[in-house]
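Trainee: One letter stands for each residue in the lines below.
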Amino acid sequence: MGGQTARIARFIGVRLAVSAPVILGIVFLTFMLIRMGGQDPVAMLAGPMADEAMLNALRAQLQLDQPLLAQFANYMVRIAHGDLGVSWQGGIPVLNEIRHLFPATLELVLLSVALAALIGIPIGMRAATKPNGWFDQISRFVSLAGFSMPTYWMGLMAILVFFYILRWAPAPMGRLSMEVAAPAVVTGSILVDALLEANWRAMGSALAHLALPVACFTMLAAAPMIKQTRAIVIEIMGSDYVRYARANGFSAATVRRMALRNAATPLLTFLGSELTSLLAAAALIEYIFSLSGLGQWGLNAILLGDFAVVQGYVLTLALFSMAIFMVIDLIVMLIEPRN
Amino acid sequence: MLAMDKTKAQAWAHGFYVHAIGLTRRSPTFVAGLCMVLFFLGVAIFAGVIAPYSPTESFSYDILRAPSDRFIFGSDGNGMDVFSRVIYGCRYAFGIAVPAGLIMVGIGLPLGLIAGYKGGLLDEVLLRTLDVLRAFPTIILALAVVAATGQSLISMVVVIGVLDSPIFARVVRAEVLNLRASTFVKAAVAMGNPAWRVMVVHILPNAILGATAQLPMRMAWAVRISATLAFIGVGIQAPTPEWGAMIRQGAEYVITGEWWAALFPGLALMLLVLGFNLLGDGLTDILDPKRRGVGK
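The listed protein sequences derive, respectively, from chains X and C.
Quick note on numbering: the first sequence equals residues 1 to 339 in the working numbering.
Quick note on numbering: the second sequence equals residues 1 to 296 in the working numbering.
Treat the hints loosely; a few may be bogus.
In silico contact screen, one side only, chain X against chain C (beta carbon under 8 Å); selected entries [as the list claims (entries may be wrong)]:
#1 LEU29
#2 ILE34
#3 PHE147
Which bits of chain C does chain X cover? Going by a derived footprint, with three or more residues having C-beta under 8 Å, they are [said to hold, decoys possible]:
#4 227 to 233
#5 255 to 267
#6 274 to 286
Covered stretches of chain X, going by a simulated chain C footprint (3 or more residues, C-beta under 8 Å) [said to hold, decoys possible]:
#7 135 to 146
#8 156 to 163
#9 272 to 286
#10 299 to 305
If you're looking for bench data, these hints aren't it; they were derived computationally from the structure.
We put the CB at the ideal spot given by N, CA and C, even for glycine.
Could you put the whole structure together from the sequences, leaning on the hints where they help?
Mentor: Quick look at the structure:
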């Protein structure tokens with residue numbers, strides 16, 4: 001087993017070395033993009049009454065008067081010390097905010113992706129058994145329709161139907177109803193924290209607030225899942241080894257079981273890319289439902305020109321996607337007998 | 001003479017009918033998508049004839065009227081006719097999707113062709129750019145760039161087209177990599193053709209079909225993302241009759257039950273995006289049934 005551990009260590013080492021330039025590129029791109037943007041955060045912060053001298057003083061205080069590359073070098077040095085800067089709007093250290101907001105977003109994304117996989121993978125497999133049959137055509141149409149719906153609009157319509165007309169859902173504001181006491185923060189995920197102290201009231205309220213956003217997000221996530229599963233299974237069923245197994249007289253059920261095991265790897269890889277793209281897409285759903293998660297925070301920061309927050313937000317997304325891809329590729333490497 | 005023309009026309013109509021039936025059988029998604037996109041294109045062209053009012057005409061006594069005979073989709077918070085605005089919105093959707101699509105092809109096709117055929121540094125740069133784009137939230141990138149380049153329609157089209165061109169290039173690159181290994185390309189090289197000739201004359205015509213199937217899906221993306229940007233408040237602003245901006249404007253009334261100002265533009269947006277997606281999906285099907293479901 002020692003060989004195995006060394007293999008994993010080498011894999012992680014190589015992967016980190018390859019990812020570092022990509023992450024650095026993303027940080028650099030974000031840094032330059034927001035600074036070259038048309039927004040002037042100093043004018044926004046100082047307010048309309050500020051004169052030129054005040055603006056310049058503030059600019060110097062925020063170190064925005066230095067050359068761009070010097071600012072970037074400064075930022076990198078501080079990142080190396082674990083300091084992501086301070087939000088100009090709220091005055092709170094960015095790292096604290098990320099710790100505080102990330103669990104809310106993760107809750108939403110993980111629940112949605114899990115549900116989408118539970119719905120999408122069986123439908124995709126069923127569709128692949130008879131390509132272009134009626135089930136395939138219908139599932140394709142429905143999934144494309146779900147995929148084509150703008151997320152924020154779907155959220156609005158869900159609020160209209162389930163909050164305004166049916167009165168089933170709580171007001172789309174926040175993660176808990178006002179009269180419910182929040183559980184003590186352990187993980188930051190209200191669901192997990194409520195479970196830890198067996199606070200069922202908070203749990204129920206949190207679930208009720210998550211129901212609509214998760215449903216909307218699942219619709220969005222399930223469509224590509226169906227499509228991808230179908231494509232993968234069709235490709236496997238048409239491969240030489242499946243034909244060989246059939247020719248050997250294995251029953252259809254056995255052949256399918258053998259084939260589906262081979263679908264695990266590409267599906268897992270796809271799940272990873274789903275997870276990362278949805279984490280970024282969460283911003284709009286959080287915005288519509290006021291879930292106060294990472295995405296909503298990042299979106300607001302872009303609109304307000306809060307540079308440190310935007311940088312912290314994009315960096316978090318990039319690190320998360322890198323970690324997800326690394327874990328998934330690691331699992332694939334371990335379960336693939338060919339490697 | 002007239003009789004002959006008539007039979008000719010009949011034969012043509014019959015041929016069209018047979019083809020249409022055959023195509024519908026082979027790929028109902030393609031036909032459905034084509035019909036939807038053509039419908040919206042027609043609406044965009046004849047918007048001036050269809051719309052009962054000007055899209056920015058404000059009736060100050062009719063603010064937020066529910067759908068009725070006078071305003072069949074209701075009126076919005078400015079007292080403008082939602083129906084007329086949705087109709088004129090088609091022009092903005094196509095006005096963004098078509099030029100953005102052309103930019104994607106214009107940049108992505110040569111880039112993918114050269115990167116796939118020559119490999120080397122350009123290929124490496126393309127792949128790394130794709131890595132960055134994959135990890136970078138597109139909406140954030142688009143937001144930042146649109147905010148930086150100004151909020152005009154033209155800058156939005158250019159940003160969307162340029163941002164998506166590496167993704168288009170990847171599709172072309174994959175096609176080219178397949179073709180490069182084929183016998184006919186090797187033969188063309190062995191005959192002493194220069195590299196540009198092999199690329200343009202031998203590879204391009206064969207790679208272009210697979211890439212074409214991607215175009216409607218990328219256009220769907222362009223329509224979607226431009227509406228999303230407008231919804232957030234970047235890019236096209238109200239009272240321009242653009243669907244995303246209309247949803248933004250209607251969103252504040254949804255929670256109090258005035259649903260029409262947000263519902264109809266969203267419905268139109270969804271149907272057009274669905275049409276483009278169905279078209280692309282069907283096209284991939286027709287061109288190569290084995291390779292469906294690849295891409296974002």
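Trainee: Against this structure, judge whether each hint is valid.
Mentor: Hints and how they fare:
no.: 1; hint: LEU29; verdict: holds (7 Å)
no.: 2; hint: ILE34; verdict: holds (6 Å)
no.: 3; hint: PHE147; verdict: holds (7 Å)
no.: 4; hint: 227 to 233; verdict: holds (count 5)
no.: 5; hint: 255 to 267; verdict: holds (count 7)
no.: 6; hint: 274 to 286; verdict: holds (count 4)
no.: 7; hint: 135 to 146; verdict: holds (count 5)
no.: 8; hint: 156 to 163; verdict: holds (count 5)
no.: 9; hint: 272 to 286; verdict: holds (count 7)
no.: 10; hint: 299 to 305; verdict: holds (count 3)
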